[in-house]
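Chemist: Produce the entire structure from the sequences given, and follow the hints as far as they go.
Residues per chain, in single letters:
4 protein chains.
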Amino acid sequence: MNVENFALACRFLPSTYVEQGKQSRKSHENYIKILLEHKKLPVKGWDRSTIEMLLNEISTMDSNNFLGNAGIGEREGRIASPIVVQRHYGLAHGIGRSGDIAAVQPKAAGSSLMMKLTNAMVLDAIRIAGVRSASSCIVVPMATGMSMVLTFLTIKQMRPEAKYIIWPRVDQKSCFKAIFTAGFEPIVIENILVEDELRTDVQMIEKHLKGIPPEQILCIYTTTSCFTPRAPDSLEAIGKLCKEFEIPHVVNNAYGLQSSKCTHLIEQAARSGRLDAFIQSTDKNFMVPVGGAVIAGFDDSFISKISQTYPGRASAAPVMDLFVTLLSMGVEGFKDSLIERKGMYRYLQKRLQQVASAHGERLLVTPNNAISIGITLSSMPTKHATELGSMLFTRNISGARAIAPGVTKQIGSVTFENYGSHYNNYPYAYLTAAAAIGLKKDDVNTFARRLDRVFRKLIKPKQLKLKLENEIISVSSSNSSFRN
Amino acid sequence: MNVENFALACRFLPSTYVEQGKQSRKSHENYIKILLEHKKLPVKGWDRSTIEMLLNEISTMDSNNFLGNAGIGEREGRIASPIVVQRHYGLAHGIGRSGDIAAVQPKAAGSSLMMKLTNAMVLDAIRIAGVRSASSCIVVPMATGMSMVLTFLTIKQMRPEAKYIIWPRVDQKSCFKAIFTAGFEPIVIENILVEDELRTDVQMIEKHLKGIPPEQILCIYTTTSCFTPRAPDSLEAIGKLCKEFEIPHVVNNAYGLQSSKCTHLIEQAARSGRLDAFIQSTDKNFMVPVGGAVIAGFDDSFISKISQTYPGRASAAPVMDLFVTLLSMGVEGFKDSLIERKGMYRYLQKRLQQVASAHGERLLVTPNNAISIGITLSSMPTKHATELGSMLFTRNISGARAIAPGVTKQIGSVTFENYGSHYNNYPYAYLTAAAAIGLKKDDVNTFARRLDRVFRKLIKPKQLKLKLENEIISVSSSNSSFRN
Amino acid sequence: MNVENFALACRFLPSTYVEQGKQSRKSHENYIKILLEHKKLPVKGWDRSTIEMLLNEISTMDSNNFLGNAGIGEREGRIASPIVVQRHYGLAHGIGRSGDIAAVQPKAAGSSLMMKLTNAMVLDAIRIAGVRSASSCIVVPMATGMSMVLTFLTIKQMRPEAKYIIWPRVDQKSCFKAIFTAGFEPIVIENILVEDELRTDVQMIEKHLKGIPPEQILCIYTTTSCFTPRAPDSLEAIGKLCKEFEIPHVVNNAYGLQSSKCTHLIEQAARSGRLDAFIQSTDKNFMVPVGGAVIAGFDDSFISKISQTYPGRASAAPVMDLFVTLLSMGVEGFKDSLIERKGMYRYLQKRLQQVASAHGERLLVTPNNAISIGITLSSMPTKHATELGSMLFTRNISGARAIAPGVTKQIGSVTFENYGSHYNNYPYAYLTAAAAIGLKKDDVNTFARRLDRVFRKLIKPKQLKLKLENEIISVSSSNSSFRN
Amino acid sequence: MNVENFALACRFLPSTYVEQGKQSRKSHENYIKILLEHKKLPVKGWDRSTIEMLLNEISTMDSNNFLGNAGIGEREGRIASPIVVQRHYGLAHGIGRSGDIAAVQPKAAGSSLMMKLTNAMVLDAIRIAGVRSASSCIVVPMATGMSMVLTFLTIKQMRPEAKYIIWPRVDQKSCFKAIFTAGFEPIVIENILVEDELRTDVQMIEKHLKGIPPEQILCIYTTTSCFTPRAPDSLEAIGKLCKEFEIPHVVNNAYGLQSSKCTHLIEQAARSGRLDAFIQSTDKNFMVPVGGAVIAGFDDSFISKISQTYPGRASAAPVMDLFVTLLSMGVEGFKDSLIERKGMYRYLQKRLQQVASAHGERLLVTPNNAISIGITLSSMPTKHATELGSMLFTRNISGARAIAPGVTKQIGSVTFENYGSHYNNYPYAYLTAAAAIGLKKDDVNTFARRLDRVFRKLIKPKQLKLKLENEIISVSSSNSSFRN
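Protein chains in written order, with the working numbering: chain A, 22 to 505; chain B, 22 to 505; chain C, 22 to 505; chain D, 22 to 505.
Treat the hints as calculated values from the structure; they're not laboratory data. The structure presented is a predicted model; accordingly, all values stated were derived computationally and were not measured. Be aware that a few hints might be false.
Where chains are identical, the list cannot tell them apart; a pair therefore holds if satisfied intra-copy or between any two copies.
Computed cross-link-like contacts, DSBU-like style, restricted to lysine-lysine with a CA-CA straight-line distance of at most 35 Å [what the hints assert, rightly or not]:
| hint | residue 1 | residue 2 |
| --- | --- | --- |
| 1 | K228 | K363 |
| 2 | K462 | K47 |
| 3 | K61 | K184 |
| 4 | K461 | K47 |
| 5 | K430 | K478 |
| 6 | K264 | K65 |
| 7 | K43 | K137 |
| 8 | K194 | K43 |
Modeler: Structure below.
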């Protein structure tokens, strides 16, 4: 209510109570004020009512919610279903304009404001996460792979002769497919095995750079966050090569914002070499539903060029999810999540170590991967390793990956040996698990317990059958520990 | 509740009441059964509670909502904010897999089911709208422009030599930009003026087809729905050329599903010639928020190829919006909307005719455009025409477009004269309005009233000032007529 | 957002768009302003977003939602469950104070404002419904029966000698039980049969008034809305007696606000005689969930005395339901509902007439009951009449009442013959149905169709069995026609 | 979805995924099963989705939500506003029937089930809280005061001659007013001062019992939870007198369920003497909005008699709030709250002690009050004591009570000296604060800090002005620490 309405409320209530109500409203508005002024993550997370108050204010600013509005165009933000109105807080116009996905829409001032505030808060979060010199970012309503495609297509407009993308192998399909979707040819760089760990073959990259005319190379396309035993790419060394050979450098930092290891690599590569853009998923780093990515970099005009390459408007849903989540986390909540994740990494390592050694296995030694942890599956036949993976899945362990040698896979024009292990000839079957943001101690404990049982079952399946059935029943009848 | 729980409820309630409750549940479930069996739009729209019941069931089927689940991967569908959980009904995994945006996700059986049901219902709606022989479609969480890019990139994989896209001019930026974003060069075909209407220069297209090696042409890229005075392209004639020259044919049917004129053209072109894919916006045809498009066609394997080109997963939000909306509309609701729109077209025409003739103007004669209607602005100076547009905007008329000659615009490598009018040399300034799905009589009346006032104000601005201010006040103090 | 925040938004958006957003906010606030100024039902109903905006504003004014508040009392409006927070828009303090249920609470200015605005709008609605000289009302979070008890207890404080309540018989249990609960003894006045209709025996009342010392009579307790064949009581004649004998007059107007017949009787009795309070249900007149009643009258100090008799605070939920509903209806919506109800009365009468005459029955002639309609069940055995009632119930017809003679019922100290028919010796078995607010044509048609089938089945049960089973299936598989 | 629908889902999804979805649904349903079987608080709290699933199931069981239902009665559970539908999960019929507020409604099997489950869970919670031999309870949608009235009126039906209620003084208005509202005369028993504490004058009660014919006494009406310096009444001694003199005993246990001290007194009095009913608020003990009370006792038939005295149906809103809250808490959550409260009592005591001694005051010695804590305000003039209270209020400290001698108050026919202090002649002015359920450390700290400042300001107001203004600003700009 505005000043006038508060004054009218005095006809119903003693003015001291009205005054307190006014102060209360003011203190909510003060949060909004600080956000608009500072353009940063709030220090402390907001409560639900303040977040929804802002969403409602924003909604009011879009033309489809003007009370006297008459829309006579072909897109007027009409929403047929009340369920849909509600879940989007009445926002209908999406984000962006035909010319630029980061542009302000005349019909949708509110949505545009939400987008700009979200981009500002995400940039702040990126810096807090460790990429301190990042200067610009945009949230796009596409997952990482398609965001890669857009980035490649943008670079293509600046390097029209480019045909090749140099790419150190990482066995994750979407990011590799992005190369073909965008119309390029990959030059795959096999990794080097150092003890258990797979590292970038920087020399091989350099060899290629020397052998191919630079204008034919679109970019070097590296990866930070990945499944063990692969380590993050040697960004700093590659960044230096990119600078030297004047080749763009694009980083797949899918879930790397949550790890100071990955963000440190990015920051270093940008400072000492060249790094044009790093792209990360919103769901994996900020715990929102799948559907968005953040394209960030150190040169505002390049990031702006990407946003201008996007043809037309796009869904505001991933932006709204991020907007709400960042406001509710605040700097404190975000930092706490990062710290908690680090702790969970150590805890997961410890528990896996215990289970592994109880069954004659061991942790993989991969010191550079700060998220994903592996244990060998070398004491059992290969087919058991695969079976172990699916047994975990049917026991409601999601996300564990059992990798056994022998899988050959073709993607586009390229054939990969031992697909899944990032390497043609990895010496062991193994199992990986990730200490990702949001992981809870309960998850780790449940995982460790079930993994232990699966190990036993694989060794003496018959004997344990009865016991396991009991276990399943007890699982389904126990209450969950988390709340609303 | 299942049978067992209903039995237990008899400890609290007389069994006849429990039985009635069971029957009630069964009748809700019966709706779901019919949907799963028929894979079509329900005949009548569903009530809110049944829709939400199904959303909740679907949610339960995704692994992040399994009560005993322990996720130890890098993406486990964790959602940090309860607001976000709620607005997505707990769905977090998006749609698609790395290999195919239309594929089933193991971690997200519920989301996958929702996607498949949505695709099935949309296909049904497309057929009801008039494209009876459409055989396949996918809903993608990108707006029309980016969906065009994806389609072009898919064709590129099959026609690696292709460089050009033949495109009859339509002055809408996003769809044109898509050509550049995908990395192609447009061959722009100027329109032909027939009375007031702009039509496709089919002969010029044929000339180009004869002059360029076919493998260098990616496709002909036509448009159905567009602002008057442009007519939909001559799809049938172009379709025959495409068939003859073996050139793919992609149609921008942005908001054409709502018009039987446009869907008829598509159906005819597909039957008698060649038409590979037609792409439409979900927001403009189904009244959902911006963010999705439907890529549809007549050859399942081609549509499937497009879905396989998409790298990685994507937001499920536009799919959910459509899912909810289609269920709540049903066949009856959807057909009613189409019929109502046709009626509103006639009504808008009538009211515009009245205002126009009162001020010495007239309707543009554009018999082939069944959505957009224009009136001349020839009795006033050009700058007044432009002013009229912005005066309408500040009076809360959104979507009206006042086009005055003289605007030159460069997009990518191409320069357009008189941008906005689809033609280098259109003889009049004019104003357009669209009878789009969801338009209400009140909107038309408000528009006509305000347009009339703006006309008067442009003629005698001073005199009317006082009256207008009063009007603005009365607008803001009147209640809206629509309800929740 | 306040002026300051809108100014800050100009750092993100062009100021013209911000200005439009500001205007939009202002037009929402203008609704609130008019409400606060006029203290009446808005002319047109509000849209959902404006209603929720006001609820959120109101919520902000309660101390449990002050951002910096520290509560250290024993009741601080803490809410444990987020579901509960949400469904009450954060309001926790209920309404009223220890001294007065209509008083302003210092900790809950927002809730208090909502209560006062609701009372004001309800008073307006009562006047619109026909009781033009009503001067005061309070919404209490108790259903009609308990509200009667409170009213009786209030009068008792002014008439400490009172023991008896004179009550013309109406066979509705709660309202009669209220007499005993409040600690009084009823003097039951049997009705008079005039043709089919049961009317008040005014002479008998007068006789009692002359025979008992007035200070021993608490009040005369009459009824307007009731099941046919009973007519509303003769309020005007009774009102005159009350005036003459100085006896309070309390009216059970349970669902009578929806009928101009009932409100006219109240208005007349108050003008020409005495009528202290009339009490009506909120659910039956305003289509909200059960739980509230409106106690209204013509003397502010008496109504205020009732509110002061209520000990302590009470639930705000029924007030909020009414607040939301009245805002969304507006004067127009409320009047439309009343008019529609009248039309449905005629339609129900017509359809019942058809079914009745097809089976040798006829409408009861009860010209003074404008809501409830009856048909005779005289052509079938008594036990069939009862069976017919339960057959309708199991066929999902709720609210029809089949009354067969012969039921004896004791309530408190009183024994009623032929309970249900308001009369010791009603000549027919009969069936009643009511044209209540919110009834739809579909309901009437479904009822008529099923009633017709039940009639047939009672005559030749075996033969029709197969057909009926089919019918049940078709019912459960049809979609509902109403929307969200 | 039922078995049939899961089978149909296999047309869209691999059957293993469908199977997992089915298991997930089953595990949700298993929670419901355990609830229906055990009729107790679940051990662990439920997650939001399971709670809402059950609410939706319950909703489906009410006739207004039957898909094919046609309602032709005068109350059919129609809800006009979608906002209202949603906030009540479609439930409209309230609880109870005309004969009994705890009876099952034929039209509302779902609502009835919810009510019965809630009563069962509350009884479990009462036992957990310490009243182990409680045998029966009902949740009524009225606050404590009105529930007292209902209880008194019920006893009146069994003791028709009763006129008096014996009541040890407690200065809380509603509970005292209940005596007059129900039509009785209070016999006020002044308390006895023992050190700082006020205790029951049991001898005076006995004296009255001996002097008045027992049939004229309705009951003894005692209090457990109250503001310090009053102690809970001596329930055990009074219970014995009640047993001896055959007088009913009703306990106002307003917020006493949260304190094992109060529940212990109730349990003991019931075991060794007589205690007919104890009544508590739902908001103060279970953190739901104001509006409900629990009437509990040790004799099922007496509690049942109370529920039968209630005339008609009533709001289900307070029941739903409690239902949701108890499910989300579970035994663990409820016990944790109780334990946490005890800890906060000690913490509040410690912090108050510090502030008090810093300003020459001290804690009141009231060893029997385990919730409310007081400090003297003896070093300042009386008017300052009062001012201190309002200064705290304007500084957003709610619930603190500053009591200064000298207030005379009349309620009904009784005049109280020094109202507020439960005693005609309490020696000090003092300030109370309560460690009630849900109190957080932050609240205590904020209170202690502001109290300290207010103390200082009262001593040297001028000097501190500037500092305080700064403080206010810092309060309003700080973010809240709690989350959604």
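Chemist: Now tell me if each hint is right for this structure.
Modeler: The hints, checked one at a time:
With identical chains, the CA atoms of K228 and K363 are never at most 35 Å apart, being 37 Å at best within one copy and 65 Å at best between copies. Within a single copy, K462 and K47 get their C-alpha atoms only as close as 40 Å, which misses the 35 Å cut-off; across copies the closest is 25 Å, which meets it. Neither within a single protomer nor between protomers do K61 and K184 lie at most 35 Å apart by alpha-carbon distance, with minima of 40 Å and 44 Å respectively. Taking the shortest alpha-carbon separations for K461 and K47, only the inter-copy value of 24 Å comes in at or below 35 Å, while the best intra-copy value is 37 Å.
In this homomeric assembly, K430 and K478 come within 35 Å of each other (Cα to Cα) only inside a single copy, at 30 Å, whereas the closest approach across copies is 69 Å. For a Cα distance limit of 35 Å, the shortest separation of K264 from K65 qualifies neither inside one copy, at 40 Å, nor across copies, at 58 Å. Proximity of K43 to K137 under the C-alpha cut-off of 35 Å is found in both arrangements, the shortest distances being 29 Å within a copy and 18 Å between copies. In this homomeric assembly, K194 and K43 come within 35 Å of each other (Cα to Cα) only across copies, at 30 Å, whereas the closest approach inside a single copy is 55 Å.
The earlier numbered hints that this structure contradicts are 1, 3 and 6.
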